[in-house]
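**Student:** The residues making up each chain are set out below.
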Amino acid sequence: MITAVEGLPGTPVQIGSEIYSELLTMQYQDARYLDTGDFSTWLNQFHEDIRYSMPCRITRLPKDGPGFDPEMEFFSENHISLSTRVKRLETDMAWSEQPGSRTRHFVSNTLVRALEDDRYLVVSSLMVTRMRDDLPYDMFTGERRDQVVRTSEGFKIIERVVLLDQTVLRSYNLSIFF
Amino acid sequence: MAIIERPQSSEGSLLRDGTDLHDLVDADFGRISRRIYGDPEIFELEMERIFRRAWLFIGHESEVPEPGDYVTRDLAGEPIIMVRDDDTEEIGAFLNSCRHRGMRVCRADKDNVAFMRCAYHGWTYATNGDLRAAFAEELYDEEHLKKEELGLIPVTKVASYHGMVFGTWDENAPDLEDYLGDMKFYLDLLVGRSPTGFRVVGAPQVWEVNTNWKFATDNFTGDNAHLPTTHGSMVELQMLPPDPMAFSYGTMIDTTKGHVLHMVPGPPNPDGYYFGLPPEQVDGLKATLSQAHQDIARDHFISVGTVFPNLSYLQVMVSSVMGGPPAPFLNWRMWVPTGPHSTKIYSWFFIENNASAEYLKDSYECYVRTFGPSGIYEQDDMENWEECTRVNVGKIAQQYDLHHGMNMHLEPNPDWKGPGIAYPTSYGEMTQVAYYANWLRWMTEDDPTSDKVQK
Chain A
1 MITAVEGLPG
11 TPVQIGSEIY
21 SELLTMQYQD
31 ARYLDTGDFS
41 TWLNQFHEDI
51 RYSMPCRITR
61 LPKDGPGFDP
71 EMEFFSENHI
81 SLSTRVKRLE
91 TDMAWSEQPG
101 SRTRHFVSNT
111 LVRALEDDRY
121 LVVSSLMVTR
131 MRDDLPYDMF
141 TGERRDQVVR
151 TSEGFKIIER
161 VVLLDQTVLR
171 SYNLSIFF
Chain B
1 MAIIERPQSS
11 EGSLLRDGTD
21 LHDLVDADFG
31 RISRRIYGDP
41 EIFELEMERI
51 FRRAWLFIGH
61 ESEVPEPGDY
71 VTRDLAGEPI
81 IMVRDDDTEE
91 IGAFLNSCRH
101 RGMRVCRADK
111 DNVAFMRCAY
121 HGWTYATNGD
131 LRAAFAEELY
141 DEEHLKKEEL
151 GLIPVTKVAS
161 YHGMVFGTWD
171 ENAPDLEDYL
181 GDMKFYLDLL
191 VGRSPTGFRV
201 VGAPQVWEVN
211 TNWKFATDNF
221 TGDNAHLPTT
231 HGSMVELQML
241 PPDPMAFSYG
251 TMIDTTKGHV
261 LHMVPGPPNP
271 DGYYFGLPPE
281 QVDGLKATLS
291 QAHQDIARDH
301 FISVGTVFPN
311 LSYLQVMVSS
321 VMGGPPAPFL
331 NWRMWVPTGP
341 HSTKIYSWFF
351 IENNASAEYL
361 KDSYECYVRT
371 FGPSGIYEQD
381 DMENWEECTR
391 VNVGKIAQQY
401 DLHHGMNMHL
411 EPNPDWKGPG
421 IAYPTSYGEM
431 TQVAYYANWL
441 RWMTEDDPTS
451 DKVQK
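Protein sequences, first through last, are from chains A and B. For the first sequence, our numbering begins at 1 and goes up steadily by one. For the second sequence, our numbering begins at 1 and goes up steadily by one.
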């Protein structure tokens, strides 16, 4: 899952090119939708066939690879389940976000690869901080891999995989999005 | 070698400030002192008197399917290895600590090994724990290197029930099946109902929560009364019924050794519930279990419970998306205390070995979306447990006991088809109080598993 540059599928898209800028803008907008709590607009970026996954990770020796579990995730979502999560936050009884989290999504180190059929792979480093109430803050770091497809309504994310660096989450819940 | 010092019940119930532990749990009235949820002295006593004596869950046999497979776990705050011996193929459990300097010998969460070699000086152990080689053995006098005495320290007793592996550090502990007692009947319903057995899918989800471990067990004694409020968002989304009394039906069971659970029926269904399992799994259940088991399975679709002290389960059937069909899943979890106010949660998703691809997918997605750290139900549970823990450490707060009184004096149902004391409701606090009464026995008695109840 986490691979060297040569292991990434597709062909490199040059940093600074028009496509690169367009896709990087999407990444920054994505972060801003989340950090301002605009979840319904955030949801609009996803293709109706979105697969949204955060695999669990365990500590393995280097011979066995990075340790992502092929059978267990922290998120295993499609469009309707993401919509359900957003609708839930819109009730006034989703206590894990009443009062709400103050998040900051930092996206960096973005590389873009061109795939077949007008699809692109956007690979970024992700750091997410979450402050809530007066509690010590939670921090999540990892790699985010978005597969983006061009549609009549512009680019849509059709696959998002979040590859955390943590094995044991030092956080009481994942009531936020990544 | 005696690892455990047994508490003396006459003096052992007194805390350093003179408080008697018996005054912190009033099982007759249902008053529980807030002090038990995070007092450092009580936490140390729990580790000594409960966690280093009781049978604790280690893992499932399917997590180490091949000879030489190991997983690393925690048993009463000590790192351990569960390993399948490559010779006998038996599962053993050992302290994960080299006999030479104490270094952790196995340092991945899981691996497959021919032997276990310490990374410090190279002492090497077989998968049955025997010390196979020390470094520069020829430099030791014979009496200074008795290899037969220097194997990995075994977990004192290890046993399994339906593939669930348990261990205890107490050489005087009763056999596992005696310890489980009447809970065995209900474990049969959960993990003994398939002729092909169960497996764990993938790794356990693991996360750390700033709660005292007992707020988790308290919630997993079969606390349906929190559903309409804690999970009110799910009611608003019409994923739970709007009538707050819809969750009140069912049976709460005290199996009398601290193991407690509830069984809840679903909306009317003439075909029975069988936990919402697909037809081929219902057939397997009927072919495997007794008539009493079958009758209870037919009448129920949800069950939540706890094996004393810190192993809990959810056999649940809910929808994971708005307007979507419900799916059943079986989830086991272990609440590992890492401090008075912190708990590491291990959460395993279980499925029958012969599950169809469709059942596996529906069950898995339902579990991950509704429970676990991102679960649209469980997110809100941990909100409660953390805040209860934070507030209840206050010395002013601790002057006022917590209230457990709902349906406390309901008469048991003599016609219940399973073992244990069965109360005909799912809205009650008697299983919680029974759990705390057992907690008190373990905290104060020499032999808390004896059938004689000491007052």
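A few of these clues could be false.
Claimed, not checked - Listed next, the in silico DMTMM-like pairs over lysine to aspartate or glutamate satisfying Cα-Cα at most 25 Å (straight line):
{"no.": "1", "chain 1": "B", "residue 1": "Lys361", "chain 2": "A", "residue 2": "Glu48"}
{"no.": "2", "chain 1": "B", "residue 1": "Lys110", "chain 2": "A", "residue 2": "Asp165"}
{"no.": "3", "chain 1": "B", "residue 1": "Lys344", "chain 2": "A", "residue 2": "Asp138"}
{"no.": "4", "chain 1": "B", "residue 1": "Lys344", "chain 2": "A", "residue 2": "Asp134"}
{"no.": "5", "chain 1": "B", "residue 1": "Lys361", "chain 2": "A", "residue 2": "Asp138"}
{"no.": "6", "chain 1": "B", "residue 1": "Lys110", "chain 2": "A", "residue 2": "Asp69"}
{"no.": "7", "chain 1": "B", "residue 1": "Lys361", "chain 2": "A", "residue 2": "Glu97"}
{"no.": "8", "chain 1": "B", "residue 1": "Lys110", "chain 2": "A", "residue 2": "Glu143"}
{"no.": "9", "chain 1": "B", "residue 1": "Lys110", "chain 2": "A", "residue 2": "Asp64"}
{"no.": "10", "chain 1": "B", "residue 1": "Lys344", "chain 2": "A", "residue 2": "Asp49"}
{"no.": "11", "chain 1": "A", "residue 1": "Lys87", "chain 2": "B", "residue 2": "Asp188"}
{"no.": "12", "chain 1": "B", "residue 1": "Lys157", "chain 2": "B", "residue 2": "Glu236"}
{"no.": "13", "chain 1": "B", "residue 1": "Lys395", "chain 2": "A", "residue 2": "Asp133"}
{"no.": "14", "chain 1": "A", "residue 1": "Lys87", "chain 2": "B", "residue 2": "Asp243"}
Said to hold, decoys possible - If you want the ones that stay clear, here's a sample from chain A, every Cβ over 12 Å from chain B, calculated:
{"no.": "15", "residue": "Pro9"}
{"no.": "16", "residue": "Trp42"}
{"no.": "17", "residue": "Leu61"}
{"no.": "18", "residue": "Phe68"}
{"no.": "19", "residue": "Leu115"}
{"no.": "20", "residue": "Arg132"}
{"no.": "21", "residue": "Ser175"}
Please keep in mind that the hints were generated in silico from the structure rather than gathered at the bench. From the three backbone atoms N, C-alpha and C, an ideal C-beta is built for every residue, glycine too.
**Student:** If a hint holds in the structure, say so; if it does not, say that too.
**Tutor:** Comparing the hints with the structure gives:
About 19 Å separates the Cα atoms of B:Lys361 and A:Glu48, which keeps this hinted pair within 25 Å; it holds. A C-alpha spacing of about 17 Å is found between B:Lys110 and A:Asp165, which places the hinted pair at or below 25 Å, so the restraint holds. Restraint check for B:Lys344 and A:Asp138: the C-alpha separation of about 16 Å stays at or below 25 Å, so the hint holds. Taking the CA atoms of B:Lys344 and A:Asp134, the gap is near 22 Å; set against the 25 Å cutoff, the hint holds.
Taken as a hint, the B:Lys361 and A:Asp138 pair is broken in the structure, with Cα atoms around 31 Å apart against an allowance of 25 Å. Under the criterion of a C-alpha separation no larger than 25 Å, the hint pairing B:Lys110 with A:Asp69 is consistent with the structure, at around 11 Å. Between the alpha carbons of B:Lys361 and A:Glu97 the distance comes to roughly 29 Å, so the proposed pair goes past 25 Å and is violated. Restraint check: the Cα-Cα separation between B:Lys110 and A:Glu143 comes to about 23 Å, which is no more than 25 Å; the hinted pair holds.
With a CA separation close to 10 Å, the supplied pair B:Lys110 and A:Asp64 stays within the 25 Å bound. A threshold of 25 Å between alpha carbons decides the hint, and for B:Lys344 with A:Asp49 the separation of about 35 Å lies outside it, so the pair is violated. Between A:Lys87 and B:Asp188, the direct Cα distance comes to roughly 39 Å. Violation of the 25 Å bound is thereby established for this hinted pair. Under the criterion of a C-alpha separation no larger than 25 Å, the hint pairing B:Lys157 with B:Glu236 is inconsistent with the structure, at around 49 Å.
For the suggested pair B:Lys395 and A:Asp133, the alpha carbons sit about 22 Å apart, so the restraint of at most 25 Å is met. With a C-alpha separation of about 21 Å, the suggested pair A:Lys87 and B:Asp243 falls inside the 25 Å cut-off, and the hint holds. For A:Pro9, the shortest C-beta to C-beta distance to chain B comes to about 25 Å, beyond the 12 Å cut-off, and the non-interface label holds. Once the 12 Å rule is applied to beta carbons, A:Trp42 is consistent with being away from chain B; the minimum gap is 16 Å.
In this structure A:Leu61 is not separated from chain B by more than 12 Å, as the shortest Cβ-Cβ distance comes to only about 5 Å. For A:Phe68, the requirement that its beta carbon stay farther than 12 Å from each beta carbon of chain B is not met, with the minimum near 10 Å. With 12 Å as the threshold on Cβ separation, the claim that A:Leu115 sits away from chain B holds: the shortest Cβ distance comes to roughly 26 Å. The claim that A:Arg132 is not at the interface with chain B is violated, since a C-beta of that chain comes within 12 Å of its own (minimum 10 Å).
With 12 Å as the threshold on Cβ separation, the claim that A:Ser175 sits away from chain B is violated: the shortest Cβ distance comes to roughly 5 Å.
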